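Bring the two chains, given one by one in their own frames, into a single complex with the hints.
Given next are the chains, with one letter for each unit.
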Amino acid sequence: MNVRRNLCAAVLASAFAGAVHAQESIGGAIERELETYRSMMKSDPWSNPGTLDVDRGESLWKTPAGPNNVSLEACDLGLGPGKVDGAFAALPRYFADAERVMDVEARVLWCMEKLQGFDHVKLLVRPHPGAGMPVKDLGAIATYVAYRSNGRSFAATFSHPKEKEMLALGEALFFHRSGPMDFACSTCHRDSGKRIRLQPLPVFSKPEEARRIVGEWPAYRVSAAHVMTMQHRIYDCFWQMRLPEVELGSDVSVALISYLVKQAEGGEINIPGMKR
Amino acid sequence: MEKRRITFVLLVCIARVDPSCAQEINDIDEAKIDAAMRAAFPKANVDWLSRLKADQTIAGCSQYKDTPPAAPTIAARERASIRYPPDGELMGDWKRGEQLAQSGYGLRFTDYPPTRGNGGNCYACHQLTKEELSYGTLGPSLAGYGKIRRSSEADTKAAYDKIYNSQATYPCSLMPRFGTNGVLTIEQIKDIVALLMSPESPVNRP
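Heads up: the sequence lines are chains P and U, in that order.
The first sequence begins at 1 in our numbering and counts up by one.
The second sequence begins at 1 in our numbering and counts up by one.
One should not assume that every hint holds.
[Said to hold, decoys possible] Dumping the calculated DSSO-like pairs for lysine-lysine here, alpha-carbon to alpha-carbon at most 27 angstroms:
id, chain 1, residue 1, chain 2, residue 2
1, U, Lys32, P, Lys164
2, U, Lys53, U, Lys32
3, P, Lys136, U, Lys43
4, P, Lys136, P, Lys62
5, P, Lys275, P, Lys136
6, P, Lys164, P, Lys206
7, U, Lys53, P, Lys164
8, U, Lys53, U, Lys162
9, U, Lys43, P, Lys122
10, P, Lys114, U, Lys43
11, U, Lys130, U, Lys162
12, P, Lys194, U, Lys147
13, U, Lys53, P, Lys162
14, U, Lys43, P, Lys162
15, U, Lys32, U, Lys43
[To be verified] Derived CB-CB ranges, DEER-like:
id, chain 1, residue 1, chain 2, residue 2, range
16, P, Ala98, U, Asp34, 22 to 28 angstroms
17, P, Gln199, U, Asp47, 26 to 32 angstroms
18, U, Thr73, P, Asn150, 50 to 56 angstroms
FYI, nobody ran anything at the bench for these hints, they're computed from the structure.
Computed from a predicted structure; not experimentally measured.
Ideal Cβ placement from N, Cα and C applies to all residues, glycine included.
One chain only, chain U, in its complex shape (with noise of 0.2 angstroms):
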């Protein structure tokens, strides 16, 4: 226990002597950037210009490099935009939800037309089973994810929430906004949530 908070003193102070953590801010025009980002990509389909286009969220967000100033405006906009089952059952199918975690497929110019569904793609950024090694580091271990938190309904929530719109929780998360964004269906976020949450998902096995 001592060391841990030794750790978390460590990363306090680790943040406070990082220039990077204070707030910088991007002063070039918005229009400026936005008509280099139309001319440089001549070959988009008239479909996926939206794409080139940031919404209010992620304008703010790249203006001041993610550290936004007003965090909770951000955070109620984005939670506006979640949807839920209409049964209200936030669980699926864990192995589904292994297998959307496991695939990066999907939306990129290479996927059209589509052979299947679009993946979650945890793993490129999330530990999650033990089993499967090969998981990235840009998002913190979610192995143990549900265990930890006792499978509750409101932690259940929490990670239907933030898989579905991480800025809801987190303002300028680097995470994708996966249900706002059309990126996962309300049934595959089930899936991914029933990963993290079951008791019966490998990632809640010792």
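Isolated chain P, as found in the complex (with noise of 0.2 angstroms):
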């Protein structure tokens, strides 16, 4: 509330000044011009490079790998071992045999573990690519099995003792803040119609728009050419608030995924989504 009423009464100093308007005209027609350039980009779904990660991770999914030399089609996303349709649609949830809560890629991590015998920790040394990089093939496995689910909507149900745990977890986490820089989720996430330079921010606190949002990833990310994950995003905000990397399936990033799948319970999947 007081950081409310201080942005109002700072927007209104600045109304005196006569700079709101002349503000909001420029900023209006810069984002009217990237808004032409998005469309553009989604206009065509066949333009969407992060389809061929798609048929990557589909090819890794089905072909044996590792010490075990074994396919992942045994792996089991929730809805049994092989059945991918729908899988992430109700990702993350409670999985007896990790006995944990699970998003997608921590699942695909533990299958990649267990069943084809990769070593956690070699499967953690780095496991996003840098600018210009393809997705790993953690990351591809798990694009291609998020696109599996296109077209459903996210129906989590955070029904498991442990899931709700995780989600509160998550909701606590969003708000949580930390670093040198005192920064949380929520800092740039909660309220509508902000942005960082001139990047909208998406808002995760309101349904209405972390629906529209969620079900765009995994992303193809233009300005670094290649797919990112979701895992991936939240290791990156992680390095934006001045915080060490995050591990890859780390309670606290499922526990922050969980709160986006459940904000944007209903909202329709549709990967991979196209950003900047």
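Written out as structure tokens, the structure is:
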């Protein structure tokens, strides 16, 4: 309330200088240009290079690999071994075999480790691609799995006590400030219509806005020329918050994803999205 | 003038009906959050562990989702952390201030070893000079900041304080506490104050 009131007061202060109207007209023109660019990119779904990684992920899913030389087709994503269609739409969920709540990436990681015999530590050394490099195998597989829920709605139930606990942790973490900048997720993603520089910020505290955004991830990021997964996106937020490298599949990232998915409940999945 | 008064009334009404304005509390155990945070950053260098732990003010802001019940206590505590230049001069060089306002460099895990000083990254959230069109809107526009305030001494100090520790002015402000948290030095803060307040600064040019 204080923050809101202070922002209102500050906006009013600039209104007296006659600056607000000028600011809105410049900002509005820039925003319209950017929207044209985005809609051009979206107009032809086959122009999205992220679809190549969906295919790559499918091939990785079906091809025997790792020390055990088996495919991931026996991997249980929550609907039974090998059942991929619709699995992503019901994640995150509690997995009794792992005794924890997992999102798609934590689960694919688990299957690569337990079924294929890959080394957990090695999988997590550099789990995300640098700019210009393709998404790692784990991310490509997760993208394929997510793609096979396209057209469905987010429908994770969060009914198991561990799922409820994870969701509550995610909401608390969304507002949890830390690091030298005192940032929380909510610093940038709570109020509508805000930008960093020219980049509009998605709002996750409001379900009607979260529903439009969360179903676009994993997404192809034009500026980095690769598919970026949700775990990678959150890793990047923590980097910007001046926090250390968050581990892929950690409870913190799974909890935040649980919160985002809950906020986006009922929103349609349509991946890979196309981002700046 | 009439139009502006209407705007004010509208904003107040929106704040009243917006349920997110009501005070909300995170009732999850702080120790549980801390444990999850410690476990989630296994690659963190020992020097960085303090970044994961919130101080009393920030823990309270998180708990109350930035609408704290004890705002005056927070303001007093944060004000006590503000340090001033020994000579009392609060304005530096606005040209260096503009460079700091543009730079988002520093303190990210890819910024080590540092190749230059930390930036203030003001443009990420604020409009400042009219020349820079790439500005964010998380904070209010600061165009004409000093001109509106007629470059008074009290307002110069208020600007310094706000940058050094935003929460001394607005408890649980979203803005970083640049001085208190060691993001910017006193000299750097003076340069940014000059960018805001100096009559020569492009922020105050018509």
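The hints, checked one at a time:
1. Lys32(U) to Lys164(P): Holds, at about 14 angstroms.
2. Lys53(U) to Lys32(U): Holds: Lys53(U) and Lys32(U) sit about 12 angstroms apart, inside 27 angstroms.
3. Lys136(P) to Lys43(U): Roughly 19 angstroms between the alpha carbons, so the hint for Lys136(P) and Lys43(U) holds.
4. Lys136(P) to Lys62(P): This hinted pair holds, its Cα atoms lying about 16 angstroms apart.
5. Lys275(P) to Lys136(P): holds (18 angstroms)
6. Lys164(P) to Lys206(P): holds (19 angstroms)
7. Lys53(U) to Lys164(P): This hinted pair holds, its Cα atoms lying about 24 angstroms apart.
8. Lys53(U) to Lys162(U): holds (23 angstroms)
9. Lys43(U) to Lys122(P): The hint holds at about 13 angstroms.
10. Lys114(P) to Lys43(U): holds (23 angstroms)
11. Lys130(U) to Lys162(U): Since the Cα atoms of Lys130(U) and Lys162(U) sit roughly 22 angstroms apart, the hinted pair holds (cutoff 27 angstroms).
12. Lys194(P) to Lys147(U): Within the cut-off at roughly 26 angstroms; holds.
13. Lys53(U) to Lys162(P): Holds, at about 25 angstroms.
14. Lys43(U) to Lys162(P): Holds - the C-alpha atoms of Lys162(P) and Lys43(U) are around 26 angstroms apart, at most 27 angstroms.
15. Lys32(U) to Lys43(U): This hinted pair holds, its Cα atoms lying about 20 angstroms apart.
16. Ala98(P) to Asp34(U): 22 to 28 angstroms: holds (24 angstroms)
17. Gln199(P) to Asp47(U): 26 to 32 angstroms: holds (31 angstroms)
18. Thr73(U) to Asn150(P): 50 to 56 angstroms: holds (51 angstroms)
Violated hints: none; the structure is consistent with every hint.
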